[in-house]
Amino acid sequence: AFCLFSCLPSRVIFVTRILLPQSSHDIIMSRPTEKTSAYQAKGESTAAADHAEDVARKLSVELRKHIRALAPYDMFSHEWFVMVESLQHIASIALMEQQVPEKPGTESTLWEREELVVRFILEEGKLNMCLRLLLVHVEFKNQLRKQPEILD
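First residue of the sequence shown: 6, per my numbering; consecutive thereafter.
Everything labelled a hint here was simulated from the structure, so no lab data went into it.
Hints may contain errors.
What the hints assert, rightly or not - No more than 30 Å apart at the CA atoms, straight line, and that leaves these computed lysine-lysine pairs for DSS-like:
hint: 1; residue 1: Lys146; residue 2: Lys70
hint: 2; residue 1: Lys131; residue 2: Lys146
hint: 3; residue 1: Lys131; residue 2: Lys70
Whole structure, please, built from the sequences with the hints as guidance.
Now the structure itself:
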């Protein structure tokens, strides 16, 4: 994985490319900059800023698509494996969002922050689904500890 850091007039853009075995995903996260940084970055072309915004919009649409794909599929079915890939994609974005530094002393609501994964999960009504999937996983792990012959 690699990171690219770019400063636009009013935002700091972090572009991270995740290289997975079969594909790569660009993830863009942004943070508002201070006014002095905004004035220093005014020389950047609007075409580059527009391109970064287009990429961010496309990636947020892709993230929302992955979140909408979460459903209670039968464990180890084809649909379940596809959902697991979506969960891996969602988790990698959430981890990167967590690594973006936050300004100390600033308090904001979930909708004002750049934590898209958490916001999209709540907006799509998938929080209970995620909790149910986690519960099924923990129950299956506990059952495997007690009866390892289940996999035979």
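request  = Please name the hints from earlier in the document that this structure breaks, with their numbers sorted from lowest to highest.
outcome  = No hint contradicted; all consistent.
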